[in-house]
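Asks: Sequence:
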Amino acid sequence: MSTTEQESSVVAQAGQQVHEKAGELKTQAGEKLREQVDERSTQAGEQVGAVSQALRSSSEQLRNEGHEAPAKLIDGAAERVDRLGSYLRDSNSNRILADAEGWARSRPWLAAAAGALFGLAASRFLKASSSRRYGQLPTNNGSGAPRELTTGTSPGAM
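Residue numbers (our numbering): 1 to 158.
A portion of the hints provided could be inaccurate.
As the list claims (entries may be wrong) - Cross-link-like lysine to aspartate or glutamate pairs, in silico, EDC-like; alpha carbons within 20 Å at most: (1) K72 - D82; (2) K21 - E31; (3) K32 - D90; (4) K72 - E60; (5) K32 - E20; (6) K32 - E101; (7) K26 - D38.
Everything labelled a hint here was simulated from the structure, so no lab data went into it. Since we're looking at a predicted model, the values are computed, not measured.
All chains, full assembly: derive it from the sequences and hints.
Replies: Written out as structure tokens, the structure is:
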């Protein structure tokens, strides 16, 4: 076997190892994502269930005060919120992701608009938090004293 053939063999083996490792990492990342979705959806379902209970309490209080129409509206909202909570608690990550994918495919423009709104909100959040972080950066000149801002005028010009 020539040196060139040996080098080609080594490169091919390395490429195959990289491909296999990438596949393993992809599988691990997918499993981790599914675990996180399962855990977070269960937590969200429990929180949504608590909101449903609060709505039912409010409805009962309104009903006791003689406000039947608003109580019925709140009962309807509580029922929908309760169904959402049950869905989040009882569904696994595969079902949630499949349902989200199906929803996005059936309403592509709405999904794109939701994505754009999410991106806009995220950018505003990052901008606001970065300005706060920028204000917290050390602004000294090495002496421990804060750095003075220059305005283009000399101190004696006033």
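Asks: Which of the listed hints are not met by the structure?
Replies: none
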